[in-house]
Amino acid sequence: MKVEPSAADLLDIARATLLADVAPSLPEDKRYAALMAANALAIAGRELAAPESTAAELARLEDLVPGGAPPGEASTALREANARLARAVREGRFDGGESRARLLAHLRQCVRSRLAVSNPRALARLERNAT
Amino acid sequence: MNALASAAAADPRARAQAWLAQACGARRLAIERWERLSGGAIQENIALDVTVEGGPHAGRHEWVLRTDAPSAVAVSHSRPEEFEILRAAHAAGVRVPEPLFLCRDGDGPDFFVMRRVPGVAAGHRLSKDERLVPDRAALARELGANLARLHAVKPPLAALAFLGEPPADHARATIAGYRRDLDALGAVRGEAWPALEWGLAWCARHAPAPLPSCLLHRDWRTGNYLVHEGHLAAVLDWEFAGWGDPREDLGWMLARCWRFARPDLEAGGIGTAEDFLAGYAEGGGRATIPQETRYWQVLAHLRWAVIALQQAERHRSGSQRSLELALTAHIVPELELEILELTQEAP
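Chains as they are written, first to last, in my numbering: chain Z, 100 to 230; chain P, 59 to 405.
The shape of chain Z in the complex, shown without the other chains:
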């Protein structure tokens, strides 16, 4: 058994303490650093809470740039497939038609999960525009 409270809880309360008890009493030039630190804790907390998406992303990549997923680590397979996609995009293989639409749907999905960690406010904009 791990000791409770959990990492996520600790990040959360550390951030709240920083914002409520530390930042307000700092001079302006130091407050900025405290706000950055609070932001970093928030990002770390969201990353811990993010749903596992490797398998789904890998499946979409296999569909876009089939390469036969090599056996072994999923993270290695993801890296390789992602690099394959980047090369194919640069070569212009997704410039038009149906493949372009499939690529954009995939990229949108990737950006969505990255924004959920990095910047949920921008994610809200994406959801708004999509509806």
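There could be a bad hint or two in this list.
[Unchecked claim] Taking lysine to any residue pairs in the SDA-like style, the calculated list, with each CA pair at most 20 Å apart, reads: (1) Z/Lys129 <-> P/Arg183; (2) Z/Lys129 <-> P/Leu95; (3) Z/Lys129 <-> P/Thr386; (4) P/Lys212 <-> P/Gly300; (5) Z/Lys129 <-> P/Gly281; (6) Z/Lys129 <-> P/Ala384; (7) P/Lys212 <-> P/Ala267; (8) Z/Lys129 <-> P/His182; (9) Z/Lys129 <-> P/Ala180; (10) Z/Lys129 <-> P/Ser380; (11) Z/Lys129 <-> P/Ala179; (12) P/Lys186 <-> P/Ala267; (13) P/Lys186 <-> Z/Leu134; (14) P/Lys186 <-> Z/Tyr131; (15) P/Lys212 <-> P/Glu340; (16) Z/Lys129 <-> Z/Ala141; (17) Z/Lys129 <-> P/Leu381; (18) Z/Lys129 <-> Z/Leu140; (19) P/Lys212 <-> P/Glu297; (20) Z/Lys129 <-> P/Glu102; (21) P/Lys212 <-> P/Asp227; (22) P/Lys212 <-> P/Ala231; (23) Z/Lys129 <-> P/Arg94; (24) P/Lys186 <-> Z/Leu109; (25) P/Lys186 <-> P/Leu284; (26) P/Lys186 <-> P/Arg314; (27) P/Lys212 <-> P/Thr346; (28) P/Lys186 <-> Z/Glu127; (29) Z/Lys129 <-> P/Asn103; (30) Z/Lys129 <-> Z/Thr116; (31) Z/Lys101 <-> Z/Ala143; (32) Z/Lys129 <-> P/Arg379; (33) Z/Lys129 <-> P/Val178; (34) Z/Lys129 <-> P/Glu382.
[Claimed, not checked] If you anchor each label on the Cβ, the simulated ranges turn out as follows: (35) Z/Ala204 <-> P/Gly177: 44 to 50 Å; (36) Z/Val102 <-> P/Gly288: 53 to 59 Å; (37) Z/Ala200 <-> P/Pro266: 22 to 28 Å; (38) Z/Ala141 <-> P/Asp165: 58 to 64 Å; (39) Z/Glu172 <-> P/Ala345: 54 to 60 Å.
These aren't lab readings, by the way, just hints derived from the structure by calculation. Quick caveat: nothing in here was measured; it's all calculated off a predicted structure. Virtual Cβ for every residue (Gly too), placed ideally from N, Cα, C.
Since the structure of chain Z is provided, determine the placement of chain P on it from the hints.
Same frame as chain Z, but now just chain P:
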């Protein structure tokens, strides 16, 4: 070097005081205030209050001394180069801190001195506080008009020979450059960025016919200029200036990433694109409609994304551990989103 000179080299303030006295042809020159201003990691800005006795500069002055920070990395122009760029911009009628003296005496890092300009630069304040910017349309027009004056500076210019040859096709040259940058990052990180590659491929397909090169600021945006009493007081941070297509600066200024509290105001959270571009045309710039800048906004987001990845890598690699650099990596997904939004309609 005699004893006096080596003492001066050890003490930057004493060195500056002695050197400036000579540069001003003064009988006596006293630096009464020497205060570090918040600056970048690369440059250091020091506020000077100076009294000059005798010579053509006799009187009291408020200046800024700009020099390399101890941790400087060679990614931007040197101080002497920046001084020449500032002179060219000043001569063209762009509102900048007037460049006064350049010191390359070899007794310490090069520095230059410019007139100190009052004003506020902070983007979150300028975009939000109506008291700082009572007339947003007027400020947006001033930003456009001043940029047009800068763009009237055309190559070649002997004083700016260090900028190299102007690119024949700026858009295509920058696309090739960003691809090289991504390849270099990818080799170190074992990563790839398909959304950025999509943006680059889109830009390669839609590249417009190039315009003749002119002097670009390459970081003309809210946060990099001072506003005083509601008006543009001075454009700062000239270390990325270079020759290129004038539309790059327009797209950079209009890109979403510099709008702070007012994402609805395309011109740096200050005014509308229409006001900014009207000022640009009034100042002698090429007539441009907002739709024309969309292409350059895509390139702007790509450029910022590549820079953000490079900055984050400086932290990740351990070469410069910094919270600010680390967080820069988390700006990239938002830039990718903007690139996808801007490129989804056109094929």
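Hints, one by one, checked against the model:
A C-alpha spacing of about 17 Å is found between lysine 129 of chain Z and arginine 183 of chain P, which places the hinted pair at or below 20 Å, so the restraint holds. Restraint check: the Cα-Cα separation between lysine 129 of chain Z and leucine 95 of chain P comes to about 14 Å, which is no more than 20 Å; the hinted pair holds. Restraint check for lysine 129 of chain Z and threonine 386 of chain P: the C-alpha separation of about 19 Å stays at or below 20 Å, so the hint holds. Our distance criterion of 20 Å between C-alpha atoms is met by lysine 212 of chain P and glycine 300 of chain P, whose separation comes to about 11 Å.
With a C-alpha separation of about 19 Å, the suggested pair lysine 129 of chain Z and glycine 281 of chain P falls inside the 20 Å cut-off, and the hint holds. Note on lysine 129 of chain Z and alanine 384 of chain P: the hinted pairing holds, with a Cα-Cα distance of about 18 Å set against a maximum of 20 Å. Between lysine 212 of chain P and alanine 267 of chain P the alpha-carbon distance is near 18 Å, which keeps this suggested pair within the 20 Å criterion. For the suggested pair lysine 129 of chain Z and histidine 182 of chain P, the alpha carbons sit about 17 Å apart, so the restraint of at most 20 Å is met.
Between lysine 129 of chain Z and alanine 180 of chain P the alpha-carbon distance is near 15 Å, which keeps this suggested pair within the 20 Å criterion. Proposed proximity of lysine 129 of chain Z and serine 380 of chain P is supported: the alpha carbons are some 14 Å apart, at most 20 Å. Straight-line distance between C-alpha atoms of lysine 129 of chain Z and alanine 179 of chain P comes to about 18 Å, which keeps the hinted pair within the 20 Å bound. Using a Cα cut-off of 20 Å, the hinted pair lysine 186 of chain P and alanine 267 of chain P is violated, with the two alpha carbons roughly 38 Å apart.
For the hint pairing lysine 186 of chain P with leucine 134 of chain Z, the CA-to-CA distance comes to about 19 Å; that is within 20 Å, so the pair holds. At most 20 Å may separate the alpha-carbon atoms for a hinted pair to count; lysine 186 of chain P and tyrosine 131 of chain Z meet this at roughly 18 Å. The hinted pair formed by lysine 212 of chain P and glutamate 340 of chain P meets the criterion: a straight-line CA distance of about 18 Å does not exceed 20 Å. For the given pair, lysine 129 of chain Z sits about 19 Å from alanine 141 of chain Z by alpha-carbon distance, which is consistent with the 20 Å threshold.
The hinted pair formed by lysine 129 of chain Z and leucine 381 of chain P meets the criterion: a straight-line CA distance of about 13 Å does not exceed 20 Å. At most 20 Å may separate the alpha-carbon atoms for a hinted pair to count; lysine 129 of chain Z and leucine 140 of chain Z meet this at roughly 17 Å. As the CA atoms of lysine 212 of chain P and glutamate 297 of chain P are separated by approximately 18 Å, the hinted pair is consistent with the 20 Å bound. Proposed proximity of lysine 129 of chain Z and glutamate 102 of chain P is supported: the alpha carbons are some 18 Å apart, at most 20 Å.
Between lysine 212 of chain P and aspartate 227 of chain P, the direct Cα distance comes to roughly 15 Å. Compliance with the 20 Å bound is thereby established for this hinted pair. Of the supplied pair hints, the one linking lysine 212 of chain P and alanine 231 of chain P holds, its CA atoms being roughly 19 Å apart against a limit of 20 Å. The straight-line distance between the Cα atoms of lysine 129 of chain Z and arginine 94 of chain P is roughly 15 Å, inside the 20 Å bound, and the hint therefore holds. Taken as a hint, the lysine 186 of chain P and leucine 109 of chain Z pair is broken in the structure, with Cα atoms around 34 Å apart against an allowance of 20 Å.
At most 20 Å may separate the alpha-carbon atoms for a hinted pair to count; lysine 186 of chain P and leucine 284 of chain P meet this at roughly 15 Å. Straight-line distance between C-alpha atoms of lysine 186 of chain P and arginine 314 of chain P comes to about 16 Å, which keeps the hinted pair within the 20 Å bound. Between lysine 212 of chain P and threonine 346 of chain P, the direct Cα distance comes to roughly 19 Å. Compliance with the 20 Å bound is thereby established for this hinted pair. Distance check on the hinted pair: lysine 186 of chain P and glutamate 127 of chain Z sit about 18 Å apart at the alpha-carbon level, within 20 Å; holds.
Between lysine 129 of chain Z and asparagine 103 of chain P the CA atoms are separated by roughly 18 Å; this keeps the pair inside 20 Å, and the hint holds. For the given pair, lysine 129 of chain Z sits about 16 Å from threonine 116 of chain Z by alpha-carbon distance, which is consistent with the 20 Å threshold. At most 20 Å may separate the alpha-carbon atoms for a hinted pair to count; lysine 101 of chain Z and alanine 143 of chain Z meet this at roughly 19 Å. For the proposed pair lysine 129 of chain Z and arginine 379 of chain P, the alpha carbon gap of about 18 Å is at most 20 Å, so the pair holds.
Proximity of lysine 129 of chain Z to valine 178 of chain P is assessed by CA-CA distance (about 19 Å); at most 20 Å being required, the pair is judged to hold. Restraint check for lysine 129 of chain Z and glutamate 382 of chain P: satisfied, since their Cα atoms lie roughly 13 Å apart, inside the 20 Å limit. A C-beta distance of roughly 46 Å is found between alanine 204 of chain Z and glycine 177 of chain P, which places it inside the suggested range of 44 to 50 Å. Checking the proposed 53 to 59 Å range against valine 102 of chain Z and glycine 288 of chain P shows it holds: the Cβ atoms sit about 57 Å from each other.
A hinted range of 22 to 28 Å for the beta carbons of alanine 200 of chain Z and proline 266 of chain P is consistent with their spacing of about 25 Å. For alanine 141 of chain Z paired with aspartate 165 of chain P, a C-beta distance near 48 Å fails the hint of 58 to 64 Å. Remark: the range hint 54 to 60 Å for glutamate 172 of chain Z to alanine 345 of chain P is upheld by a beta-carbon distance near 56 Å.
Hint compliance for this structure: hints 12, 24 and 38 are not met, and every other hint is.
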